[in-house]
Amino acid sequence: MAQLFTPGADAIYRLVLLTGVACLAGVPIVAAGIVRSDYVTGVGIAPQQPVPFSHKHHSGELGIDCRYCHTTVEKEATAGLPPTHTCMTCHSQVWSGSDMLKPVRDSYASGEPLQWRRLNKLPSYVYYNHSVHVTKGIGCSTCHGEVTAMQMTYRANAFEMGFCLDCHRNPEKYVRTPDQVWNMTWSPPPNQATLGPQLVAQNHIRGGQRLMECGICHR
Amino acid sequence: MAGASLIPPGETLAGIGRAVTAVPIRHPLNRRWWIAFAGAMALLAVFAVALFWLLFEGVGVWGNNNAVVWALDIASYDWWIGAACGSLLVSATLLLLGAEWRGAINRVAETVALLCTCAAGLYPIIHLGRPWYFYWNLPYPNTFSLWPQFRSALVWDAVDIVSFLVVCVSLWYVGLLPDLAALRDRAFTEAMRQREARALTRGLAMMRARTYGLLASGWRGSAAHWQLWLQGYRTIALLGVMLVVCVQTGASVMFAGSVMPGWHDTILPVTFLVNAVFSGVGLTGAIVVLIRAVYGLDGLVTERHLGLIARLLLGLGCASLYCYATEFFSTALHGDPYERGVLARRVTGEHAAAFWTVLVCLLLPAQVFWSTRARRAPLAVAGVGILVAVGAYADHVMVLLVTLGQNFLPAAHEPFRETVWGIATFAGSVGLFLVLLLLFLRYLPAVSITETRRLALAAGARTGRETASDRPEPDPEAMEPGTPLWGISARFATEAELAAAAQAVASLTAARNGGDVHLDGHGPVPMPRVTRALGLEGRTIRPYALGGALLGGLGFYGMCVYASAYHYVFLIGGRPRFSWPSFVVPSFAFAMMSGVVAIHLALLVLNRLPRLNHPAFNIPGFLRASEDRFFLSVQAQGEGFEVERIERRLAGLPAGAGRPLEIRRIPR
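So the sequences go chain by chain: U and W. Under UniProt numbering, read the first sequence as residues 1 to 219, first letter to last. Under UniProt numbering, read the second sequence as residues 1 to 668, first letter to last.
Calculated from the structure, these hints are not laboratory results. What you are looking at is a predicted structure, and each value in this text was computed from that prediction instead of being measured. Heads up, some of the hints might be wrong.
Label pairs and their computed distance ranges (CB to CB) [to be verified]:
(1) U:Asn-120 x W:Val-169: 32 to 40 Å
(2) W:Leu-439 x U:Ile-34: 22 to 30 Å
(3) U:Ser-110 x W:Val-69: 53 to 61 Å
(4) U:Ile-216 x W:Ala-344: 26 to 34 Å
(5) W:Pro-410 x U:Ile-216: 27 to 35 Å
(6) U:Arg-206 x W:Leu-409: 26 to 34 Å
(7) U:Gln-151 x W:Val-169: 52 to 60 Å
(8) W:Arg-31 x U:Val-35: 17 to 25 Å
(9) U:Val-35 x W:Ala-197: 39 to 47 Å
(10) U:Met-152 x W:Ala-48: 46 to 54 Å
In silico negatives: residues of chain U with every beta carbon more than 10 Å from chain W [to be verified]:
(11) Gln-3
(12) Asp-10
(13) His-85
(14) Ser-131
Using N, Cα and C, we set each Cβ at its ideal position, and we do this for glycine too.
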């Protein structure tokens with residue numbers, strides 16, 4: 001009797017089977033990798049802005065406080081984006097003829113705000129409040145990274161739910177003393193293990209189960 | 001049951017194979033099949049439209065509202081999975097009990113189980129508000145840093161259905177494997193006939209043979225394969241039975257997890273299981289009768305088979321009646337007022353039609369089988385089977401709607417109304433089932449060839465006489481001097497002769513040159529005597545199954561503990577973080593699935609499969625190894641292989657006690 005298949009068919013058949021099994025394990029892993037990649041999350045990518053504003057220069061080198069521009073960060077849900085007026089407090093005097101700043105002057109003259117491209121976005125069903133985080137001892141850099149080192153501003157962390165929950169599960173690892181909140185190069189001090197729980201108790205932060213409830217962020 | 005026989009007198013092994021494989025190979029009744037297929041496709045088109053509208057508009061199109069969150073969708077799901085569980089349980093139980101007559105219905109039962117699971121598996125996905133996020137039900141590495149809530153019975157269901165699908169496919173496919181090989185060989189014979197006749201369809205015929213060949217994965221009926229196959233098949237059946245109990249009782253616990261009245265009677269897990277098996281047997285019985293009538297398989301599905309199905313239906317009908325009566329009496333006598341209210345609304349309320357359908361279709365018709373005449377009537381078996389299936393659907397509707405329809409909040413004043421889209425979705429899922437069933441009937445053997453042959457051999461069927469066509473002319477070019485030798489083959493008419501010859505050659509070669517030969521037997525049925533003669537009976541697949549199940553189950557349990565008790569701290573309903581009993585159910589289901597996967601791997605590795613191309617296929621007339629001939633292969637493995645000596649020994653055996661019909665040298 002003749003063979004129905006050539007000897008090579010075995011190799012192909014087994015290769016297909018093994019490829020199928022490998023895909024079963026491999027495709028989810030690759031997909032998980034892509035979803036977490038900077039390409040998808042936009043972490044570390046600085047988009048073109050109407051004016052090439054440098055946080056490194058203004059905040060890092062010149063030492064302007066965060067709150068000079070983001071005025072409502074301690075009082076309201078949003079940190080606040082400065083109006084053109086704020087820029088012009090200095091730039092009506094400094095670099096007043098610079099070509100680079102022409103869009104700022106135009107905006108000031110016309111009353112039309114500058115159209116910045118937003119970096120940090122949360123879905124509409126997430127209720128985030130800056131003031132409560134800042135006043136309870138969570139510093140800017142925990143979420144926004146070392147902004148004072150950014151020539152052009154980029155997204156430092158992908159604001160996925162896992163990122164938020166990491167801190168909501170263990171706030172004592174991230175909480176700071178009030179004077180450290182604005183420190184953009186903060187890293188946990190050696191005594192964070194004892195200081196953290198102290199600050200958590202002092203600031204009435206109820207970690208674990210309370211901060212893990214859905215309704216804390218999704219109302 | 002005496003009198004009627006399961007196998008008609010004069011049936012041969014080859015005849016059984018031809019009767020069954022004729023349906024997929026030559027396919028009689030082409031026109032009727034196409035008409036039925038067109039009808040089923042039309043229903044499937046209804047499904048497509050219903051699904052499109054559902055995705056476009058949302059689950060509101062089914063009429064589901066704030067009180068009745070589960071309606072026809074979950075009733076349909078429960079019904080489909082119930083029928084699947086029932087069919088699987090029947091087939092697996094008969095296999096485990098060694099009921100020799102199961103061959104006529106096990107294939108249909110396993111297929112019904114598989115197709116019902118396919119239809120059922122869609123519902124949990126499409127009834128989600130956003131079906132494209134269905135994978136959120138599964139534990140996968142996600143950026144939310146969330147886990148499925150293993151303390152909820154709803155998640156058990158996601159694990160159950162995935163496990164059930166895997167077990168179902170496995171039982172069906174492993175059982176089908178030798179039959180696929182038989183089909184491959186028949187299709188190959190047909191393809192070669194067409195090639196010689198230079199028929200126009202010869203390319204198609206060869207493609208069909210190759211397709212069956214791929215599906216059969218190089219099964220060549222080796223004694224070693226049969227031994228592990230039998231073990232693997234039975235072990236999958238055992239895992240399947242345990243999974244069925246897990247799935248059905250889990251489904252009832254899902255209801256009991258709520259605070260709604262009418263869902264907490266302690267007999268409910270038993271009722272669910274009984275009704276599931278009942279509907280599964282009903283559906284299987286109806287389809288068996290249909291296939292028997294349409295394809296004229298009266299010889300293989302006899303009146304006695306119908307009688308056995310009827311007895312099963314009668315027994316299950318009584319069990320179902322008992323469950324209902326118990327629930328009724330315990331609620332009426334000592335249920336709380338809300339439970340009694342549900343009972344009253346079931347009988348007289350808005351959806352009372354469901355209750356009366358249950359009574360008329362599910363509980364009463366099976367009682368007709370107290371009569372011997374009814375048990376023998378195919379029409380009665382089919383009719384009662386269909387009625388039972390209808391009644392089981394009404395039961396799911398009743399259990400869901402009557403309880404959910406009475407909400408205790410004034411806001412939920414809108415009553416539930418079945419909508420045309422809810423019904424269309426269910427009708428469409430029936431269409432899906434029918435399309436797949438018709439494709440199965442068209443392309444695969446509807447009756448298990450292997451099981452029927454084993455039964456026939458036990459009943460003393462003949463393996464068919466040696467005819468002139470059995471002796472192909474020796475091909476002069478096949479074994480030219482200098483062609484490398486693979487081994488010697490010998491052909492036999494019975495397993496006993498093969499076993500005797502294997503014994504003789506084994507003792508001969510063991511005495512002379514120990515490990516230089518490799519013996520194997522090939523045949524159309526499992527060959528325990530040959531296995532013993534070859535010294536293979538000690539091999540077992542069960543440790544792999546047990547190891548796989550334990551590994552999978554413990555791994556899943558560990559994941560549940562890690563997720564719920566440690567990583568995903570979350571308060572639901574005041575349940576403790578370490579809710580160990582609720583982790584047992586999904587872990588158990590997953591263990592069954594892991595055991596089955598381990599069996600597949602063990603079958604492939606221990607049997608050295610898949611082997612699409614194998615020197616054994618070079619044996620002249622080997623196509624009949626899947627029909628009615630038994631072959632011994634003596635494979636040369638070293639220098640000490642003495643061809644003439646083995647040939648002399650075989651030829652010298654007494655006729656009827658090991659002398660082969662023919663001895664051949666086989667090239668590599």
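Checked hints:
1. Separated by about 47 Å at the C-beta atoms, Asn-120 (chain U) and Val-169 (chain W) break the suggested range of 32 to 40 Å.
2. Between Leu-439 (chain W) and Ile-34 (chain U) the C-beta distance comes to about 36 Å, which lies outside the given range of 22 to 30 Å.
3. Taken as a hint, the range 53 to 61 Å holds for the pair Ser-110 (chain U) and Val-69 (chain W), whose Cβ atoms sit roughly 55 Å apart.
4. Between Ile-216 (chain U) and Ala-344 (chain W) the beta carbon distance is about 44 Å. The supplied range of 26 to 34 Å is therefore violated.
5. Against the hinted window of 27 to 35 Å, the Cβ-Cβ separation of Pro-410 (chain W) and Ile-216 (chain U) comes to about 30 Å, which satisfies the hint.
6. Checked against the hint of 26 to 34 Å, the C-beta distance between Arg-206 (chain U) and Leu-409 (chain W) comes to roughly 31 Å, which is consistent with it.
7. The hinted range of 52 to 60 Å is satisfied by Gln-151 (chain U) and Val-169 (chain W), whose Cβ atoms lie roughly 57 Å apart.
8. The hint said 17 to 25 Å for the Cβ distance between Arg-31 (chain W) and Val-35 (chain U), and at roughly 52 Å that hint is violated.
9. The hinted window of 39 to 47 Å between Val-35 (chain U) and Ala-197 (chain W) is violated, with their beta carbons roughly 58 Å apart.
10. In this structure the hint that Met-152 (chain U) and Ala-48 (chain W) lie 46 to 54 Å apart at CB holds, the actual value being about 50 Å.
11. With 10 Å as the threshold on Cβ separation, the claim that Gln-3 (chain U) sits away from chain W is violated: the shortest Cβ distance comes to roughly 5 Å.
12. Consistency note on Asp-10 (chain U): stated as away from chain W, yet its beta-carbon is not over 10 Å from all of that chain's, at 5 Å minimum.
13. The Cβ of His-85 (chain U) sits about 39 Å from the closest Cβ of chain W, beyond the 10 Å cut-off, so the non-interface label holds.
14. Interface exclusion of Ser-131 (chain U) from chain W stands, the closest Cβ pair being 25 Å apart, more than 10 Å.
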